[in-house]
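A.B. asks: Residue numbers (numbering that gives the first Met the number 0), protein chains in the order written: chain A, 0 to 308; chain B, 0 to 253.
What the hints contain is simulated information worked out from the structure, not anything from laboratory work. All of these numbers come straight from a predicted model, not from anything done at the bench. Please note that a few of the clues may not be correct.
Stated by the list, open to error - Derived CB-CB ranges, DEER-like: (1) A:233 with B:22: 41 to 49 Å; (2) A:81 with B:207: 34 to 42 Å; (3) B:235 with A:184: 21 to 29 Å; (4) A:187 with B:158: 29 to 37 Å; (5) B:158 with A:184: 37 to 45 Å; (6) B:235 with A:163: 30 to 38 Å; (7) A:0 with B:207: 35 to 43 Å.
The beta-carbon is built from N, C-alpha and C at its ideal position, and this holds for glycine as well.
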Amino acid sequence: MSVLVLAEHDHKSIKPVTLNVIAAARKIDSDVHLLVAGNDCGGVIEEAGKIHGIAKVLTCDAPEYQKRLAENMAPLIVALADGYSHILAPASTFGKNVMPRAAALLDIQQISDIIAVEDADTFTRPVYAGNAIATVKSSDTKKIITVRGTAFDPVNAEGGAATVESIEAKGDSGLSKFVKQELSESDRPELTAAKIVVSGGRGVGSEDNFVLIEALADKLGAAIGASRAAVDAGYVPNDYQVGQTGKVVAPDLYIAVGISGAIQHLAGMKGAKTIVAINKDEEAPIFNVADYGLVADLFEAVPELTEKL
Amino acid sequence: MKVLVPVKRAVDYNVKIRVKSDNSGVELNNVKMSMNPFDEIAIEEAVKLKEAGKITEIIAVTIGPDKAQETLRTAMAVGADRGILVETDAPTDIGGVEPLAVAKTLKAIVEKESPDFIIMGKQSIDDDSNQTGQMLSALLGWSQGTFASELDLGDGVATVTREIDGGLETIEIKLPAVITTDLRLNEPRYASLPNIMKAKKKPLDVMKPEDLEIDFTPRLSVVSVKEPEERKGGGKVADIDELIEKLKNEAKVI
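The shape of chain A in the complex, shown without the other chains:
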């Protein structure tokens, strides 16, 4: 049977993580359909139709999907479930909010945050902040899955020629209402998709000092991340947080500055290909996972690095 992927988009474009989820879906079955639910999102639908490996794009264009509230999204997924053996979404805050609601309505035990597809029933996922890797086999007849995007190489955004089918909207639940969004504005690459990430921790010391991290990131064309301690201290907004309960990143290069390396932080970044740690405390656990550790005062080392690159 076919596999359905729930597209994540912002009404302007498809979020890159969707391409990683499609890659995971294709490991289950080659007949992959993509659901684009939104309001007035013609550009996104056009983009969706070009993605490599998508046989069909289902579109549901109605005001109740404008803000993608879980109470409205879940019934739409439930209505489509009959035609699919598996339904996948990214393990982003969007997917995490919507998918368990749909799973419960379908009486299915969701499988969260998978990092590998073993077979159509068996999947691998991290538990305990990635300190153990569990392989689980589902006995549900249908699977609802969220996917850790960084664990799968994305499919090509071009080269496909999907058919497009419009589906019926399910109406507004009336349970919840969007009020506002305050999104971080940035020209830097998106944290979970960036090739290079520069992260700051409590050692950076203040919101003002984060300009050092920004300067280095901009020199490298990198995204900026942070430890929970830096976010809790108010140096940067919450969406910068890398870790067990924040974002999971797997860039080619991760530079940890003034980060001690609590296991909750390591859970979010130890999949990076190369890790650099700059910290004045040579006992900091971050050095145990770093390929290149530099024991130094970050206030001297970071400007020097930025200058010499």
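Given the coordinates of chain A, assemble chain B onto it according to the supplied hints.
C.D. replies: Same frame as chain A, now just chain B:
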């Protein structure tokens, strides 16, 4: 108003867990257990609302082994008025009873207790599923305010600020609702010794899954549990020049 706060006994967040040598699960013998940190935030929020006069009763509920009574006592020491344990001897090393079964159990408790809303942790730090609140909300047909960093309880509605990938989102949800907590909703307090003593006298009901007619048979079977691949870290460089040289010529990442 009455609030239900589900809590869970989980491995303490400071413990570095070990995978069992036969790859069947995670070693929990002699491991420190605590209340799941997100649930501490949920209890704290409920207690703050009670102190502000917005709610009158806090019921803590947990599903787990007999020892999970300790978790309920912790909740009561912080300010929950009473506790309910749904006792099961299901193995707990990979998260215990599955989120869907937990959600069904909680729904049955909701039907008995008729709370006005529910506050609970967004995920437990053992199996990291992040499902139960959303599932419970679905089964009840209620609204959901997940990953809350701010909660404002109004008349028949709640305004919830949510931590989302790009920043923050504010929604208005109709009560009754399920609200799940994120890290920055509040700073949980420590229980004082007198309150710990007082909590021992608060009512604690124990039920069995059969009493609620809930089937705990797992849908997911654990095939294997393995250690993650070890990173070969520990390399050091002497200065910035050496770092740049290594990144360029050895790692080839810049």
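A.B. asks: Now, for every hint given, state plainly whether the structure supports it.
C.D. replies: A quick look at each hint next to the structure:
Taking 41 to 49 Å as the suggested C-beta distance range, the pair residue 233 of chain A and residue 22 of chain B conforms, at roughly 43 Å. Distance hint for residue 81 of chain A and residue 207 of chain B: a CB-CB separation of about 36 Å, consistent with the stated range 34 to 42 Å. At roughly 38 Å, the beta carbons of residue 235 of chain B and residue 184 of chain A sit outside the given window of 21 to 29 Å. Checked against the hint of 29 to 37 Å, the pair residue 187 of chain A and residue 158 of chain B passes, with Cβ atoms roughly 31 Å apart.
Distance hint for residue 158 of chain B and residue 184 of chain A: a CB-CB separation of about 24 Å, inconsistent with the stated range 37 to 45 Å. At about 55 Å, the CB distance of residue 235 of chain B to residue 163 of chain A disagrees with the hint of 30 to 38 Å. Residue 0 of chain A and residue 207 of chain B have their C-beta atoms about 38 Å apart, which keeps the hinted 35 to 43 Å range intact.
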